[in-house]
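*Asks:* Letter by letter, the chains look like this.
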Amino acid sequence: MIDLSTTLGNAWFPSPLFTASGCASSGKELAQFIDLREIGAVVTKSVMSKPRHGRATPRMAETPSGMINSIGLQGPGIDQFLAHDLPWLVSQKARVIVSIAGETVEEYATLARKVRSAPGISALEVNISCPNVENRGLVFACDPDASRRVIDGVRKTLGGELPIIAKLSPDVTDLVSIAKGVVDAGADGLALINTVLSMVINLDTMRPHLGGKTGGLSGPAIRPIAVRAIYQVHEALPTVPILGMGGVASGRDALELILAGAKGVSVGTASFGDPAAIITIQNELKDLLKARGFTSVAQAVGYAHRPAEDIEK
Amino acid sequence: MSTINKNAGRIIATVVSNKRVGQYHQILLNVGEMVNNCKPGNFVAMKVGGENAKMILRRAFAISRVSLTGPYGGSMELIVAPFGQGSKWLCSQIEGAEIDLIAPLGTAFGIPTQPVRALLVGGGYGSAPLFGLAEVLKNRGCRVDMYLGASTGGKIYAPMEGKRSVNVLRIYTEDGSMGERGRVTEPIPGLIADGLIDVIYSCGPMPMLQAISEIVAGSDVVHQCAVEESMACGVGICMTCVLPVADTDGNVSMKRSCIDGPVMDGSHVLWDQVGKVPEVHS
Chain A
1 MIDLSTTLGN AWFPSPLFTA SGCASSGKEL AQFIDLREIG AVVTKSVMSK
51 PRHGRATPRM AETPSGMINS IGLQGPGIDQ FLAHDLPWLV SQKARVIVSI
101 AGETVEEYAT LARKVRSAPG ISALEVNISC PNVENRGLVF ACDPDASRRV
151 IDGVRKTLGG ELPIIAKLSP DVTDLVSIAK GVVDAGADGL ALINTVLSMV
201 INLDTMRPHL GGKTGGLSGP AIRPIAVRAI YQVHEALPTV PILGMGGVAS
251 GRDALELILA GAKGVSVGTA SFGDPAAIIT IQNELKDLLK ARGFTSVAQA
301 VGYAHRPAED IEK
Chain B
1 MSTINKNAGR IIATVVSNKR VGQYHQILLN VGEMVNNCKP GNFVAMKVGG
51 ENAKMILRRA FAISRVSLTG PYGGSMELIV APFGQGSKWL CSQIEGAEID
101 LIAPLGTAFG IPTQPVRALL VGGGYGSAPL FGLAEVLKNR GCRVDMYLGA
151 STGGKIYAPM EGKRSVNVLR IYTEDGSMGE RGRVTEPIPG LIADGLIDVI
201 YSCGPMPMLQ AISEIVAGSD VVHQCAVEES MACGVGICMT CVLPVADTDG
251 NVSMKRSCID GPVMDGSHVL WDQVGKVPEV HS
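In order, the protein sequences belong to chains A and B. Here this note's numbering is used: the first sequence runs in plain steps of one and ends on residue 313. Here this note's numbering is used: the second sequence runs in plain steps of one and ends on residue 282.
This is chain B alone, in the form it adopts within the complex:
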């Protein structure tokens, strides 16, 4: 049975900066030495709302990037969409504010030992952790292409500085307001057929992850995806963030996306069964 990320710890982090980037907020936190343990794909669980909040649960966010050498020591970047009450509160935090967080949590993207040709696919602000991943892959000598998609241009997150680590960055929007018109998954079958990629790393909405898993099925391309399920605790005790996953023997069980994920092998997830209950054990 898998266990909680052994490096997870709880700290009070200070907001270093909070900038609006399109529809999102780029929040930089001073987290000190914790950055040494953070890997691309890991996430953070943040307490929101302040002392007397009626919001009692933590909010989970993918770690976008970490830096050891910021002006304030180790720092962590998060990309937050101000959609709900908790994320709106986070986006309203100004420089110097203190936030209670637990990190690093969950699994990380697997980094190949040999240079590979990697395609990073992000949907909406799901692109956030892919930029930190791109840096790591680039440093390993990988060829890194990044395809980002969203319904509309305002929902694409692609910071200027993030583009340095990728060989090719292509953007797809369903309304054609930015980049090419269409879905980000549309060019993938061609890339696989032409033998241009070895590994796909993805982060974004579940239907996108499912679509990529279906595209790579039957090919030699490995698909590592960061899944998203709503969580109450982030540390493995509440059992709310589960999805059906098959082990190597084909046995299906409801795995916690906070412990066995968020990064999973896309071919192990029973995408058709997400949101349902699998057949009962014999």
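So here's chain A without its partners, still in its complex pose:
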């Protein structure tokens, strides 16, 4: 028996496999292909205060072993989300991590206040790194100071119960300093990594292909970036739980992120190609852990960091 259970702050999950925010909508569609109770949790699409149309189409382009998207946080707004989407997930007995996104420090705090009183939530993901906003200056996670202020505001509003997971961008020079900043400000965990800012030019129109011009690259193409980011942050902050994501498409990939330091792994783009991918990955991970002599996920977390002399033995 392999113990797949994991924790993020004070939240316990029976499996280390999660959906990735923005890649499962609010869970209903995936439920037709998988039993949501079997996975760690559904991480819902980042929701903002108000309903939002998102960006113009085209919103995506496939790239080698990946895709770029520019959705721009289309969503129902927090009130509709809490009234409809969340209760449905709770009624399905799915564990839920609610992801929020805002345009100002105050908006994040407002969202946190609304989420605070909603039942059935395991943790709060604070998405401060969506690349698909009109003003790049609004990508809080690219600015250590702004990152800290957002998390500080959410922490103060939320109180001490619900774990806060700050979702960070790999598009920064010094990820570790930003990670340290948000942990100091009250984040209990880190979600690494959001998509990578990118662009595709359409050779027919000879202009940027996406309506929003730039988009976020996801899929196996970015996995090595995720592994690097998780490894660096785990090395610097070994006690801070990391929810890893970025191009995970197999059990092998999930194990790689866990070895780098992730306590949980989110599956995003792989669900677009196969809505049952997360279950396949979970089963593969179990076999791979067993084959390496691990009896629990916890034993494998950060295992790639052990000193070289241990490897010799």
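Since the hints were derived computationally from the structure, they do not count as laboratory data. Any given hint could turn out to be false.
Beta-carbon label-pair distances, calculated as ranges [unchecked claim]:
id : chain 1 : residue 1 : chain 2 : residue 2 : range
1  : B       : L270      : A       : E106      : 30 to 36 Å
2  : B       : D249      : A       : D204      : 36 to 42 Å
3  : A       : R207      : B       : G50       : 47 to 53 Å
4  : A       : Y303      : B       : D100      : 32 to 38 Å
5  : B       : S17       : A       : R306      : 32 to 38 Å
No experiment lies behind these values; they were computed from the predicted model shown. Even glycine gets a Cβ: it sits at the ideal position worked out from N, Cα and C.
Since the structure of chain A is already known, use the hints to place chain B on it.
*Replies:* Chain B alone, transformed into the frame defined by chain A:
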């Protein structure tokens, strides 16, 4: 809020045959009992490229026709244009090849309970799902006329066996290389003015669907169109295939063409706003 087609399931289908028809490939797949749930207008999302492909997203195709009684049980026909890497891979699959697919997805064409006079309008290989639809309408006692258009004759898809279900088949090409010279939408105002049609079903490029919507506006003719937007998942989770649609109260929202479509009421789509972002909610 609408939800995914409740009959959608994932199977491994076997290629029964793959024939070239003009510029397109007619691919017949053995899908077993899934055909019982497939309706004209529904689509299928296919995995492409094989095991180690760098193509990670499914490709969506309208289901052309289904048959319960093929030599191999239930079968599904798709018409594929080998334009991109994924569709070229599909067109290279030979008899016996196995393909991972999810179907049936999306909404279907509404079938009237009373016999009506229906005009089916197809652009390019957008005609594919109209032949299956024509059979269903014919069996309901409808009068079915089909007008197909394309830039040139090579892009018209009109198989011989498909013509059995239609009363009149007319073809329009912009270069005059097949059928009549002109656009397929040109004769429609006359048909409406003469009161000859009740419902238009259309499938093809978005400008054609928009043109038909503008022609029927103000008349009693209902226009059901199958829209096309590029999709990453086909199952409603990626939010890429959206277009602005008004509900009955006039509220506009970005609807997913994989869940709320592909078949939509043409009068609800804000055609001028496709590819733009509508006014922000108040």
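*Asks:* Confirm or reject each hint.
*Replies:* Okay, the hints, checked on the actual structure:
1. At roughly 32 Å, the beta-carbon separation of L270/B and E106/A lies within the given 30 to 36 Å, and the hint holds.
2. For D249/B and D204/A, the hinted distance range of 36 to 42 Å is satisfied, since their beta carbons lie about 38 Å from each other.
3. The hint said 47 to 53 Å for the Cβ distance between R207/A and G50/B, and at roughly 32 Å that hint is violated.
4. The hinted window of 32 to 38 Å between Y303/A and D100/B holds, with their beta carbons roughly 33 Å apart.
5. A C-beta distance of roughly 56 Å is found between S17/B and R306/A, which places it outside the suggested range of 32 to 38 Å.
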